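So you can see what is in the structure, the chains are spelled out below.
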Amino acid sequence: MSRQSNRTTESKKMNSELFTLTYGALVTQLCKDYENDEEVNKQLDKMGYNIGVRLIEDFLARSSVGRCHDFRETADVIAKVAFKMYLGITPSVTNWSPAGDEFSLILESNPLVDFVELPDNHSTLVYSNLLCGVLRGALEMVQMAVDVRFAQDTLRGDNVTEIRMKFIKRIEENLPAGDE
Amino acid sequence: MADDALFEFLHMEMVAHVYKEQAARTEMEQERSTCVSILEGMGFRVGQGLIERITKDTPSFKDDLDVMKFICKDFWINIFRKQIDNLRTNHQGTYVLQDNKFALLTQFSNGKQYMEEAPKYLAFSCGLVRGALSNLGLDSVVTAEVSNMPSCKFQVVIQKT
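Chains as they are written, first to last, in UniProt numbering: chain F, 1 to 180; chain A, 1 to 161.
Don't read these hints as lab results, they were simulated from the structure.
Every value quoted in this text rests on a predicted model; they were computed, and no experiment measured them.
One should not assume that every hint holds.
Unchecked claim - Ranges between beta-carbon positions, derived for each pair:
#1 LYS20(A) to GLY157(F): 45 to 51 Å
#2 GLY93(A) to GLN143(F): 53 to 59 Å
#3 ASP76(F) to LYS20(A): 34 to 40 Å
#4 THR58(A) to THR94(F): 39 to 45 Å
#5 ASP57(A) to SER92(F): 33 to 39 Å
#6 SER109(A) to ASN159(F): 46 to 52 Å
#7 SER63(F) to LYS56(A): 45 to 51 Å
#8 GLU140(F) to ASP57(A): 20 to 26 Å
#9 ASN159(F) to ARG53(A): 55 to 61 Å
#10 SER134(A) to GLN143(F): 45 to 51 Å
#11 THR28(F) to ASN90(A): 32 to 38 Å
As the list claims (entries may be wrong) - Stretch by stretch, here's where chain A covers chain F in the computed footprint (C-beta under 8 Å, at least three residues):
#12 15 to 22
#13 26 to 34
#14 45 to 59
Don't be surprised by glycine CBs; every beta carbon is placed ideally from N, CA and C.
Can you make the complete structure from the sequences, with help from the hints?
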C-alpha cells in the first residue's frame with residue numbers, strides 16, 4: 001500500500017468523533033420524528049437507560065471496581081472511573097446536599113456537544129439527555145434508584161455543564177418465593 | 001475517547017428506535033426499505049463529517065483505487081479499529097470490501113438464526129462509506145451482504161457521471 005499511515009496513534013481520538021457525530025445524527029433524527037423537544041428529551045433518556053443497563057456490566061467487568069460503601073464513593077467512581085473510561089473526561093463532584101444524598105457533576109467539557117450549536121427553535125431541548133438515562137439505568141442495575149437531570153448546559157449559554165444526581169432509595173432485591 | 005462499547009450500544013438503540021418508530025406509523029410493505037434508508041442517511045452524514053477530519057493532512061489521491069485503499073485502511077481503522085481484510089475490484093468501478101469480523105455484527109451469535117436481522121445493523125455503515133466517498137468526490141451505491149456471521153461484504157459501485 002503506497003500511503004503511509006501516521007494516524008494510528010490518533011485512532012482513539014477519531015473514534016470519539018464517530019460517537020459524537022453519530023449521536024448528533026441520532027438527535028437530529030429524533031427531532032424529525034417528534035413534534036416537541038419534551039418528547040425528544042424523554043426518548044433520549046429512555047435510550048440512555050437502555051444503554052446504561054447494559055453498560056454497567058461492561059463497566060464492572062472491566063474496571064474491577066468493588067462494592068461502594070456510600071453514595072459519596074459511588075459519586076467518585078462515576079466521575080473518576082466511569083466518565084474517564086467511556087468519555088475520556090473527569091467531571092468534578094461538588095455541591096453536596098447537607099444530607100449527602102444529592103450532588104453535582106461538573107463537566108468542563110462535554111464530548112457529546114463538540115460540533116453542536118442549538119438552533120433557536122429548540123430552546124427546551126436537553127441535547128445530552130442521553131447521559132442522564134445512562135446513569136439512571138446503570139445505577140438501577142446496582143440497586144440504586146436515582147434522579148438525574150441537567151442543571152446547567154453550556155449549549156444553552158451556561159458556563160459549565162452540570163448534572164445533578166439525587167439518591168432516591170436502595171432497591172431491594174425481590175427474590176422469588178422459595179428461592180434462596 | 002468514547003469507548004467502543006458505548007458506540008455499539010448507541011448504534012443498537014438507534015436501530016431499535018428507527019424500527020419502532022416506523023412500525024408505529026406506515027403500511028407494512030414500505031417499512032423495510034424506509035428504515036434502512038433512514039439509517040443509511042444518518043450514516044451518510046456521519047461519514048461526510050468523519051472523512052473531512054480524517055483526510056485533513058492526507059496528500060490528494062491519484063485515482064479511485066487509491067481512494068478505496070484509504071477507505072479500507074485508514075478510514076476503517078479509525079472507525080472499527082481494524083482494516084478491511086480483502087479488497088477486490090473489477091477495475092470498472094465495482095469494489096468489494098470484505099471484513100471477516102465486522103464490529104457491529106460481533107454481538108450476534110454466529111449461527112444462521114439472526115441472519116435476517118443483519119441488514120438492519122449494516123445500513124448505517126453502508127451510509128458511512130457512501131458519505132465518505134461522496135465527500136471525496138465519488139458518487140456511489142453501497143450495499144452489504146452477510147453470508148456467514150460475523151463476516152460481511154460491502155459492495156461499492158461507483159456511479160459514472
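Status of each hint after checking the structure:
1. LYS20(A) to GLY157(F): 45 to 51 Å: Check failed, 34 Å falls outside 45 to 51 Å.
2. GLY93(A) to GLN143(F): 53 to 59 Å: holds, 57 Å
3. ASP76(F) to LYS20(A): 34 to 40 Å: At roughly 37 Å between Cβ atoms, LYS20(A) and ASP76(F) fall inside 34 to 40 Å, so the hint holds.
4. THR58(A) to THR94(F): 39 to 45 Å: holds, 43 Å
5. ASP57(A) to SER92(F): 33 to 39 Å: Once the Cβ atoms are compared, 35 Å apart, the range 33 to 39 Å for SER92(F) and ASP57(A) holds.
6. SER109(A) to ASN159(F): 46 to 52 Å: About 48 Å separates the Cβ atoms of SER109(A) and ASN159(F), which means 46 to 52 Å holds.
7. SER63(F) to LYS56(A): 45 to 51 Å: Given about 33 Å between the Cβ atoms, the range is violated.
8. GLU140(F) to ASP57(A): 20 to 26 Å: Hint violated: Cβ distance 45 Å, outside 20 to 26 Å.
9. ASN159(F) to ARG53(A): 55 to 61 Å: violated, 27 Å
10. SER134(A) to GLN143(F): 45 to 51 Å: Distance hint for SER134(A), GLN143(F) holds at roughly 48 Å.
11. THR28(F) to ASN90(A): 32 to 38 Å: Since the Cβ atoms of THR28(F) and ASN90(A) sit about 36 Å apart, the hinted range of 32 to 38 Å holds.
12. 15 to 22: holds (count 8)
13. 26 to 34: holds (count 5)
14. 45 to 59: Per the Cβ count (6), the hint holds.
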